[in-house]
Amino acid sequence: MVDGDVVVDKLRHVNQYTDDLKRMRGMSKEEYLADMVTQRAVERTFMNLIQSCIDLAQHIRSAEALTPSGTSKKEIEALGNAGILSDETQAKMEEAVGFRNVLAHRYGDVNHDVVYDVLHEDLRWFGRFQTEVARWFKQQRS
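In terms of this note's numbering, the sequence shown opens at residue 1059 and continues consecutively.
Please note that the accuracy of each hint is not assured.
Stated by the list, open to error - Derived lysine to aspartate or glutamate pairs resembling EDC-like cross-links, with alpha carbons at most 20 Å apart:
#1 Lys1131 x Glu1152
#2 Lys1132 x Asp1145
#3 Lys1087 x Asp1175
#4 Lys1087 x Asp1113
#5 Lys1087 x Asp1067
#6 Lys1131 x Asp1180
#7 Lys1150 x Asp1180
#8 Lys1150 x Glu1089
#9 Lys1196 x Asp1113
#10 Lys1196 x Asp1061
#11 Lys1132 x Glu1152
What the hints assert, rightly or not - Cβ pair distances, simulated, as ranges:
#12 Glu1146 x His1178: 15 to 23 Å
#13 Asp1167 x Glu1088: 16 to 24 Å
#14 Met1094 x Glu1146: 43 to 51 Å
#15 Met1059 x Ala1099: 36 to 44 Å
#16 Ala1121 x Arg1098: 17 to 25 Å
#17 Met1082 x Asp1145: 23 to 31 Å
#18 Glu1122 x Val1172: 16 to 24 Å
These are computed hints drawn from the structure, not numbers from a lab.
These numbers come from a predicted model, not from an experiment.
By construction, the Cβ of each residue, glycine as well, lies at the ideal position given by its N, Cα and C atoms.
Generate coordinates for the entire structure from the input sequences, incorporating the hints supplied.
So, in structure tokens, the structure goes:
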């Protein structure tokens, strides 16, 4: 059985990091590309946000004895297979895991244009992840 405190804590982190990123969206792309400090803040916040999603998925997968396990993408996949995440949200969150890996491990140079675009166009997927997990969690407690 999932630990409610862990679920609530991780969902709170997802919400906080998403809100932080929303507050960092005020710059034009040109300003963003010229501001290395903001780039680093955005990248680190994305890494923390995505890791919180992975940690939550891992907790649920483990507590509910879902399969598969192993990689971070597999943790997200397990939630999709169990019907906790919609197919669309699962796919976007798996993409987010790959994005986090690029940011964390610096595979080649980080494309700051892509990071800017993700900041402005893809935050809604983290909200959907949060909503879908919270809905499932609420049903478990009923």
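Evaluated hints:
1. Lys1131 x Glu1152: Between Lys1131 and Glu1152 the Cα gap is close to 5 Å, so the pair holds against 20 Å.
2. Lys1132 x Asp1145: holds, 14 Å
3. Lys1087 x Asp1175: holds, 9 Å
4. Lys1087 x Asp1113: violated, 31 Å
5. Lys1087 x Asp1067: violated, 33 Å
6. Lys1131 x Asp1180: With Cα atoms ~18 Å apart, Lys1131 and Asp1180 stay inside 20 Å; holds.
7. Lys1150 x Asp1180: Roughly 9 Å between the alpha carbons, so the hint for Lys1150 and Asp1180 holds.
8. Lys1150 x Glu1089: Since the Cα atoms of Lys1150 and Glu1089 sit roughly 27 Å apart, the hinted pair is violated (cutoff 20 Å).
9. Lys1196 x Asp1113: holds, 19 Å
10. Lys1196 x Asp1061: holds, 13 Å
11. Lys1132 x Glu1152: Holds. Lys1132 to Glu1152 sits at ~8 Å (cutoff 20 Å).
12. Glu1146 x His1178: 15 to 23 Å: holds, 19 Å
13. Asp1167 x Glu1088: 16 to 24 Å: holds, 19 Å
14. Met1094 x Glu1146: 43 to 51 Å: violated, 34 Å
15. Met1059 x Ala1099: 36 to 44 Å: holds, 37 Å
16. Ala1121 x Arg1098: 17 to 25 Å: Violated - the Cβ-Cβ distance for Ala1121 and Arg1098, about 34 Å, lies outside 17 to 25 Å.
17. Met1082 x Asp1145: 23 to 31 Å: The hint (23 to 31 Å, Cβ to Cβ) holds, given that Met1082 and Asp1145 are roughly 30 Å apart.
18. Glu1122 x Val1172: 16 to 24 Å: Distance hint for Glu1122, Val1172 is violated at roughly 34 Å.
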